[in-house]
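Enquirer: Sequence:
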Amino acid sequence: MSETRSDRFEYVRPLQRLHFPAVAEVPESHRHLELRTALYQLLSFHLRGKATVGSDQFLYFDASNPKAYLAPDVFLQLGSEGPEIDLWKTWERGTPELAVEIASRSDAPDEPWRLKLERYHRLGVCELVRFNQRARQKLRIWDYVEGDLAERKLAPDAPAWCPVLGLFWVIRADERWGPMLRLAHDAEGKQLVQTSLESEIAARDAEAKARKAEASARKAESEARKIAEARVRELEQTLLALRARERE
Numbered sequence: 001m002s003e004t005r006s007d008r009f010e011y012v013r014p015l016q017r018l019h020f021p022a023v024a025e026v027p028e029s030h031r032h033l034e035l036r037t038a039l040y041q042l043l044s045f046h047l048r049g050k051a052t053v054g055s056d057q058f059l060y061f062d063a064s065n066p067k068a069y070l071a072p073d074v075f076l077q078l079g080s081e082g083p084e085i086d087l088w089k090t091w092e093r094g095t096p097e098l099a100v101e102i103a104s105r106s107d108a109p110d111e112p113w114r115l116k117l118e119r120y121h122r123l124g125v126c127e128l129v130r131f132n133q134r135a136r137q138k139l140r141i142w143d144y145v146e147g148d149l150a151e152r153k154l155a156p157d158a159p160a161w162c163p164v165l166g167l168f169w170v171i172r173a174d175e176r177w178g179p180m181l182r183l184a185h186d187a188e189g190k191q192l193v194q195t196s197l198e199s200e201i202a203a204r205d206a207e208a209k210a211r212k213a214e215a216s217a218r219k220a221e222s223e224a225r226k227i228a229e230a231r232v233r234e235l236e237q238t239l240l241a242l243r244a245r246e247r248e
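Residue numbers are given in this note's numbering: position 47 of the sequence shown equals residue 47, and the series is strictly consecutive.
Treat the hints as calculated values from the structure; they're not laboratory data.
Any given hint could be a false lead.
What follows is a list of derived Cβ distance ranges for each label pair [unchecked claim]:
no.	residue 1	residue 2	range
1	A230	H185	42 to 52 Å
2	P21	H121	21 to 31 Å
3	P21	K190	14 to 24 Å
4	L235	H185	53 to 63 Å
5	E34	H121	23 to 33 Å
6	L78	R119	13 to 23 Å
7	E34	E92	26 to 36 Å
8	D174	L115	22 to 32 Å
9	K153	G124	19 to 29 Å
10	I227	W177	48 to 58 Å
11	A135	Q191	22 to 32 Å
Only pairs whose alpha carbons sit at most 25 Å apart, straight line, appear in this in silico DMTMM-like list of lysine to aspartate or glutamate [what the hints assert, rightly or not]:
no.	residue 1	residue 2
12	K50	D186
13	K116	D157
14	K212	E223
The beta-carbon is built from N, C-alpha and C at its ideal position, and this holds for glycine as well.
Starting from the given sequences, assemble the full structure and let the hints guide the process.
Expert: Printed below as a string of C-alpha cells:
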C-alpha cells in the first residue's frame, strides 16, 4: 500500500523506510523444538483451510517501531488460510486471536516474562497461553477482557476451555518428551484432537475394522446359506420319502 502511494503522491520529506527483520539467531533446545513443532503441526492439521497458523515468526505490532515485536511459539488467526508467513505485521494482516508460549530453560524466571506479557497486552491478543513443563502450574492462560489482559484462575493440570477454538486445553504425557500441551473436544480431555499421524492411524484402523466386519458378514452369510441349503435338501428328502410311502 505505501509503495503504491509513494508513486502517486509527493511528500514534504523523503520517506524513512523502516527495516523489520524476519529472522534472528536464538538458541532453542531440542525438547523445546519438539514441543513447539508438535503443537504447530497439530493446529495446522486440525485448522487446515480455517486459519493461518504460524510458529516462531516475528510478529510486529507497531508500524513505527521495529523493536516492538514478539515471536510466539505458535499463533493463529481464524478465517481462510492465508499466504505463507515470513514475518507478521498486524497493520497488514491483523491481530492473531491466539498465541502460545512454551517456556524453556533459557527463559529468565520473572522480568522477561513480565515484559513479554506487556507486549502481548499491547498486541491485543484475545487469548494467551503459557505452557511450562517444569512448573507446578504447567498451564496458564490470559484473556483480553475489557481492555485488560487478565490471567484466569485454573486448577493445576485440569482441562481449560479455549474460547477461540471451542476446544479444551489439556496436558498429556509423552513417553519421550514428558508433559505436552494438547487439545480435546470434551471437558474430561478424553477425546483428543488428533494429529495428522493419529488421524492416519485411526483411518487405517477403521478401514481394517470395516474389512474385518465385511469378511465376518460374508462368512456369516455363507454359513447361513449352507444351513439353508442343507435344510432344503433335508426337506426334499423328507418329501421324496413321503411320496414313496404313498405309492406303496
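Enquirer: None of the hints should be skipped; say for each whether it holds.
Expert: Here's how the hints hold up against the structure:
Range check, A230 to H185: about 50 Å between beta-carbon atoms, so the 42 to 52 Å window is met. For the pair P21 and H121, the beta carbons lie near 23 Å from each other, so the given range of 21 to 31 Å is met. Separated by about 44 Å at the C-beta atoms, P21 and K190 break the suggested range of 14 to 24 Å. A C-beta distance of roughly 56 Å is found between L235 and H185, which places it inside the suggested range of 53 to 63 Å.
Between E34 and H121 the beta carbon distance is about 29 Å. The supplied range of 23 to 33 Å therefore holds. For L78 paired with R119, a C-beta distance near 21 Å keeps the hint of 13 to 23 Å intact. For the hinted restraint 26 to 36 Å between E34 and E92, the CB-CB distance of approximately 31 Å keeps it satisfied. About 31 Å separates the C-beta atoms of D174 and L115, a value consistent with the hinted range of 22 to 32 Å.
Range check, K153 to G124: Cβ separation about 22 Å, and the 19 to 29 Å hint holds. About 56 Å separates the C-beta atoms of I227 and W177, a value consistent with the hinted range of 48 to 58 Å. Between A135 and Q191 the Cβ separation comes to about 26 Å, which falls inside the hinted range of 22 to 32 Å. A C-alpha spacing of about 21 Å is found between K50 and D186, which places the hinted pair at or below 25 Å, so the restraint holds.
Taken as a hint, the K116 and D157 pair is honoured in the structure, with Cα atoms around 23 Å apart against an allowance of 25 Å. Restraint check for K212 and E223: satisfied, since their Cα atoms lie roughly 16 Å apart, inside the 25 Å limit.
Comparing the model with each numbered hint stated earlier shows that hint 3 is the single one that does not hold.
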